[in-house]
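Here are the chains, one letter per residue:
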Amino acid sequence: MKVTLKIKRFNPEKDAEAYWGEYPIEAEPTDRLLDALNYVKWYVDGTLTFRRSCAHGICGSDAMLINGANALACKLLLKNLGSKITVEPMRGFKVIKDLLVDMEAFFEKYKKVKPYLITHSPEPEKERLQSIADREVFEDTTKCILCGACTTSCPSFWANEDYVGPAAIVNAHRFIFDSRDESPGERLTILGAADGVWRCRTIFNCVEACPRGINVTRAIGEVKRALLFRRF
Amino acid sequence: MIHKLDAVIVGAGGAGLMAALNLSTHGRVGVISKLYPTRSHTGTAQGGIGAALGNHEEDRWEWHMFDTVKGSDYLADQDAVEILCREAIETVYDLEHWGLPFSRTAEGKIAQRPFGGHTKEFGKGPVRRSCYAADRTGHMILQTLYQQCIKNQVHFFNEFHLLDVLIVDGRCAGVVALCLATGEIHTFHAKAVLDATGGCGRMFRVTSNAHSLTGDGMAVALRAGVPLEDMEFFQFHPTGIYKMGILLSEAARGEGAVLRNCKGERFMERYAPSLLDLAPRDMVSRAMYREIREGRGIEGKNHLHLDLTHLGAEVLDKKLPDITEFVRTYLGIEPKKEPVPVQPTAHYAMGGIPTDTEGRVISDEKNTPVAGYYAAGECACVSVHGANRLGTNSLVDILVYGRRGARHAGKFVKENDWGPLPERADERAREQVSRLMGAEGKEQAAAIRDALQDEMMEKASVFREAKSLEAMREKLAELRERYAQVKTEDRGTQYNTELLEVIELGNLLDLAEVLVESALARQESRGAHSREDFPKRDDINWLKHTLAYKTPKGVAFRYKPVTITKFQPQERKY
Numbered sequence: 162m163k164v165t166l167k168i169k170r171f172n173p174e175k176d177a178e179a180y181w182g183e184y185p186i187e188a189e190p191t192d193r194l195l196d197a198l199n200y201v202k203w204y205v206d207g208t209l210t211f212r213r214s215c216a217h218g219i220c221g222s223d224a225m226l227i228n229g230a231n232a233l234a235c236k237l238l239l240k241n242l243g244s245k246i247t248v249e250p251m252r253g254f255k256v257i258k259d260l261l262v263d264m265e266a267f268f269e270k271y272k273k274v275k276p277y278l279i280t281h282s283p284e285p286e287k288e289r290l291q292s293i294a295d296r297e298v299f300e301d302t303t304k305c306i307l308c309g310a311c312t313t314s315c316p317s318f319w320a321n322e323d324y325v326g327p328a329a330i331v332n333a334h335r336f337i338f339d340s341r342d343e344s345p346g347e348r349l350t351i352l353g354a355a356d357g358v359w360r361c362r363t364i365f366n367c368v369e370a371c372p373r374g375i376n377v378t379r380a381i382g383e384v385k386r387a388l389l390f391r392r393f
Numbered sequence: 008m009i010h011k012l013d014a015v016i017v018g019a020g021g022a023g024l025m026a027a028l029n030l031s032t033h034g035r036v037g038v039i040s041k042l043y044p045t046r047s048h049t050g051t052a053q054g055g056i057g058a059a060l061g062n063h064e065e066d067r068w069e070w071h072m073f074d075t076v077k078g079s080d081y082l083a084d085q086d087a088v089e090i091l092c093r094e095a096i097e098t099v100y101d102l103e104h105w106g107l108p109f110s111r112t113a114e115g116k117i118a119q120r121p122f123g124g125h126t127k128e129f130g131k132g133p134v135r136r137s138c139y140a141a142d143r144t145g146h147m148i149l150q151t152l153y154q155q156c157i158k159n160q161v162h163f164f165n166e167f168h169l170l171d172v173l174i175v176d177g178r179c180a181g182v183v184a185l186c187l188a189t190g191e192i193h194t195f196h197a198k199a200v201l202d203a204t205g206g207c208g209r210m211f212r213v214t215s216n217a218h219s220l221t222g223d224g225m226a227v228a229l230r231a232g233v234p235l236e237d238m239e240f241f242q243f244h245p246t247g248i249y250k251m252g253i254l255l256s257e258a259a260r261g262e263g264a265v266l267r268n269c270k271g272e273r274f275m276e277r278y279a280p281s282l283l284d285l286a287p288r289d290m291v292s293r294a295m296y297r298e299i300r301e302g303r304g305i306e307g308k309n310h311l312h313l314d315l316t317h318l319g320a321e322v323l324d325k326k327l328p329d330i331t332e333f334v335r336t337y338l339g340i341e342p343k344k345e346p347v348p349v350q351p352t353a354h355y356a357m358g359g360i361p362t363d364t365e366g367r368v369i370s371d372e373k374n375t376p377v378a379g380y381y382a383a384g385e386c387a388c389v390s391v392h393g394a395n396r397l398g399t400n401s402l403v404d405i406l407v408y409g410r411r412g413a414r415h416a417g418k419f420v421k422e423n424d425w426g427p428l429p430e431r432a433d434e435r436a437r438e439q440v441s442r443l444m445g446a447e448g449k450e451q452a453a454a455i456r457d458a459l460q461d462e463m464m465e466k467a468s469v470f471r472e473a474k475s476l477e478a479m480r481e482k483l484a485e486l487r488e489r490y491a492q493v494k495t496e497d498r499g500t501q502y503n504t505e506l507l508e509v510i511e512l513g514n515l516l517d518l519a520e521v522l523v524e525s526a527l528a529r530q531e532s533r534g535a536h537s538r539e540d541f542p543k544r545d546d547i548n549w550l551k552h553t554l555a556y557k558t559p560k561g562v563a564f565r566y567k568p569v570t571i572t573k574f575q576p577q578e579r580k581y
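As you go down the protein sequences, you meet chains A and B in turn. Count along the first sequence from 1, then add 161; that gives the number in this note's numbering. Count along the second sequence from 1, then add 7; that gives the number in this note's numbering.
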């Protein structure tokens with residue numbers, strides 16, 4: 162099939178501002194959008210720049226704005242994207258080059274919510290026990306691949322870049338609701354502050370954007386409820 | 008720019024992060040990674056990590072050891088395998104203590120499932136040994152280790168690409184790396200270097216490996232005079248999604264999925280009557296190639312069917328959610344109702360940088376260590392996988408030997424000073440970058456890479472013979488000549504990923520040469536190395552490890568004996 166990629170281009174060493182580049186190519190309908198981007202980079206314009214690695218939706222490198230919605234380029238097939246596909250960098254992060262954005266602040270927010278198990282009691286000789294039901298409570302939020310698609314689809318984040326953002330909250334949720342964690346209060350205190358969960362206006366963009374199918378808004382809601390009703 | 012650190016770890020997958028956790032308390036330690044750590048390929052491991060916990064039924068590390076040795080076609084070093092299987096158990100408990108969200112048994116213990124080649128009582132039928140978190144065990148391991156690194160304030164140099172390792176008179180003095188964000192070349196002067204850069208599966212067309220898996224650590228070691236061990240052994244995983252190579256975990260067959268040919272036959276009955284679809288990967292992949300050659304591929308094409316239709320919604324949704332989603336996303340097939348087209352996919356390098364059981368890189372058949380140089384994980388070869396790795400054992404390997412390497416390196420940095428940095432330490436790296444950036448040749452890098460991947464798939468994959476390997480040798484000579492004429496367009500310093508990809512291609516070309524020459528030299532069939540002109544295993548002449556050196560005259564070989572402790576080689580039947 163013939164398909165045209167309309168890609169927002171920006172080279173900080175050459176361009177004063179971003180511009181649209183159009184790349185008509187021949188491709189298979191079952192090709193991933195990432196395959197098409199690679200084709201352009203490999204055979205049409207070697208300067209086209211984006212991140213990618215695993216190419217099947219697990220590493221989280223290639224989140225971008227595709228036909229106006231955040232997604233992973235490696236999880237969309239061309240046959241589902243129409244004959245003219247617009248590709249832009251995620252919104253709200255500084256664009257460094259073409260589709261590649263600055264992820265540093267994003268990872269700093271992730272670190273801020275203490276995304277690791279906190280325990281005080283001594284470790285048992287073998288594993289800690291956890292029931293299947295207790296494990297299920299935070300199953301959904303363990304799937305996060307830190308691609309940034311949710312945070313950069315969030316109008317509350319666009320309006321206030323200090324907002325910790327849905328991705329960080331998802332990763333805090335994963336520990337707050339883990340029955341083995343002994344200090345969920347530490348994270349709840351962080352998320353109860355001014356730039357924490359209350360910035361969320363339940364717009365649900367994050368749910369649509371998540372390539373892992375995580376119900377992000379529900380997770381944020383559960384954190385809000387924990388803040389209101391849990392003693393910590 | 009020069010950084011002076013106590014230790015540098017290169018790579019931030021499972022081995023690199025495990026090493027970082029164990030080394031970061033020993034002074035100033037930095038982790039260099041060409042990706043953000045959470046992007047590393049460990050994250051794509053699916054089915055589980057093997058350890059004889061015995062949470063469902065009796066299991067012993069000795070049985071795990073036997074299976075690993077037999078799976079390796081008796082080429083693994085048994086002292087290293089013993090360490091692997093013993094320490095696997097405490098390692099899995101450590102992961103759990105660090106918060107890894109394992110799936111659970113009804114009693115709340117870590118859940119375990121059967122996996123290829125893992126048996127009870129030295130081969131008497133399958134055992135549940137693979138500790139899993141649904142079918143995203145690698146994702147959980149990578150996340151958990153990275154989280155612990157955050158907790159322990161490990162210092163990362165993200166998006167730095169390894170260009171060179173500095174070795175002077177048998178002493179490692181550091182590494183040179185390219186900062187992708189700025190294009191600057193950095194020298195890391197370190198008392199100890201631990202290489203954990205992963206595999207090189209991108210030399211094949213159909214592969215489960217990420218675009219990033221270009222064998223960078225192996226290639227720079229080779230150029231620095233270190234040999235590569237057993238590179239002829241490359242694992243093809245039986246169930247890659249047709250044409251794309253995306254992995255569909257062996258856990259699918261562990262949960263009861265079955266391979267079928269165009270007649271609907273469960274053909275593994277003919278090849279491995281006892282373990283059937285759960286035979287080791289080398290045997291299953293060969294069986295699939297034979298079925299296809301004998302005309303029993305699906306619709307006459309070069310793929311077969313993985314049938315999951317009888318497993319039921321509960322198993323697919325709860326235990327195999329990711330792979331069922333891959334099938335839906337990439338093939339548009341509902342695996343609850345239809346069989347999935349699969350073909351063997353290039354998956355794992357059993358060979359790599361030779362190390363001893365302390366993770367020290369060794370430079371010859373006498374196990375002479377290169378002081379201050381360590382390697383762990385897929386880029387290394389201890390050797391615990393020998394000629395064929397069992398499923399789940401790569402995750403054990405990265406953690407057990409990532410930790411052992413780090414512990415030894417920790418002692419080393421305490422007891423030793425910095426090795427002298429060579430004059431103009433970054434000269435070779437600078438020359439490479441300036442030659443390749445904006446190079447005005449006539450050859451497209453992508454065309455060279457495409458040819459490499461297609462030809463390697465055809466001539467040096469599951470089945471080989473002298474004729475195909477010699478043809479590949481010729482082809483590689485031609486591709487290297489073309490590579491010398493490569494052209495690049497991007498002259499920018501910031502995120503010049505075109506330059507990065509061209510450097511990576513050079514690594515793949517060097518490693519493909521070692522693979523092909525090592526395969527040509529080894530005149531027998533063992534594990535994943537299957538020579539049609541030498542179809543039998545030959546313990547008299549070939550029960551030994553290959554050490555391949557890069558010399559001005561081409562690849563030169565030495566050989567190293569296999570360490571055999573508990574299990575004498577015997578015929579391998581399943």
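I should point out that these hints are in silico values taken from the structure, not numbers from a laboratory. Incorrect hints may appear among the rest.
To be verified - Listed next, the stretches of chain B that the computed footprint assigns to chain A, with coverage defined by at least 3 CB atoms under 8 Å from CB atoms of chain A: (1) 150-161; (2) 190-204.
Claimed, not checked - Below, a list of computed lysine-lysine pairs in the PhoX-like style, where the Cα atoms sit at most 25 Å apart: (3) Lys250(B) / Lys373(B); (4) Lys287(A) / Lys560(B); (5) Lys573(B) / Lys131(B); (6) Lys175(A) / Lys494(B); (7) Lys385(A) / Lys272(A); (8) Lys273(A) / Lys308(B); (9) Lys270(B) / Lys344(B); (10) Lys449(B) / Lys494(B); (11) Lys373(B) / Lys163(A); (12) Lys240(A) / Lys270(B).
Just so you know, even glycine gets a beta-carbon here, dropped at the ideal spot from N, CA and C.
Legend entry - Hints that the structure is at odds with (numbers, increasing): 2, 3, 4, 8, 11, 12
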